[in-house]
Amino acid sequence: MIKYYFKKRISLIILVIAAFAVPGCFRYSVFHDSSSIIANVNGYNIGLGELEEKLVNIHRIKQMTNSEGKAGSIDIDKVIEELINERIIIQEAYSVELDEDPIFQAKTNNYIISRSVIKLRQEEVQDKIKVTEDDMYEYYKKYFEEIKVRQIVTKDRKKAEELLNLLRKGEDFVELEKSKSEWLNKEGGDLGFIKRGKMDQTFEDAAFALSEGEIS
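Reading the sequence shown from the start, the letters are residues 122 to 337 in this note's numbering.
None of these hints come from the bench; they were simulated from the model. Owing to the predicted nature of the structure, the values given are computational and were not obtained by experimental measurement. One thing to keep in mind: the hints can contain errors.
What follows is a list of derived Cβ distance ranges for each label pair [as the list claims (entries may be wrong)]: (1) 253 - 224: 49 to 57 Å; (2) 183 - 320: 28 to 36 Å; (3) 174 - 229: 13 to 21 Å; (4) 313 - 211: 51 to 59 Å.
For every residue, glycine included, the Cβ atom is placed at its ideal position computed from N, Cα and C.
Let the hints inform the model, and build the full structure from the sequences given.
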């Protein structure tokens with residue numbers, strides 16, 4: 122007999138989906154209460170903790186097998202069905218006394234040991250990883266920092282220096298851009314928002330070194 126307790130917990134599951142949607146960011150403690158029951162299989166309660174562990178493993182596998190390193194979507198109903206089927210198989214194995222078979226016992230012990238080793242290694246790695254505020258800032262700068270840029274283009278260095286002096290004296294950037302720039306797109310000299318790694322390295326270094334409203 123199988124009983125479901127899943128629908129009333131749907132608000133918690135949404136948190137899992139949100140966590141998967143954030144690139145490069147995933148937490149192991151997604152659920153507020155891992156002891157909450159989502160299904161009962163012949164007297165055995167399947168808790169949110171089991172579902173969480175299963176989702177984490179699926180998420181990792183999807184990330185590793187995806188060429189872009191993205192996990193994609195996960196069908197939670199299907200995952201719960203898998204947990205239920207696994208529990209039914211385990212119960213059936215016990216009902217035919219498969220647990221008393223020496224080969225079965227050996228394979229079970231090997232599985233438990235391998236899972237324990239994996240868990241210990243994960244905990245060891247997590248303990249060794251120390252992320253500082255500087256590390257987080259550098260990661261942010263590399264992958265998420267954006268700046269809005271306008272440019273005036275000229276091949277003449279002397280002309281560029283003259284334009285820079287005019288701008289520093291208060292001349293309007295957009296007006297000079299329209300009248301003096303040797304290259305304009307449909308937005309004039311407005312390049313919009315740019316990220317690191319998208320432009321010429323020299324231009325990029327100069328642009329990201331500027332403060333808001335500063336010119337160079």
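Status of each hint after checking the structure:
no.: 1; hint: 253 - 224: 49 to 57 Å; in the structure: 50 Å, holds
no.: 2; hint: 183 - 320: 28 to 36 Å; in the structure: 32 Å, holds
no.: 3; hint: 174 - 229: 13 to 21 Å; in the structure: 18 Å, holds
no.: 4; hint: 313 - 211: 51 to 59 Å; in the structure: 56 Å, holds
Comparing the model with each earlier hint shows no violations; every hint is respected.
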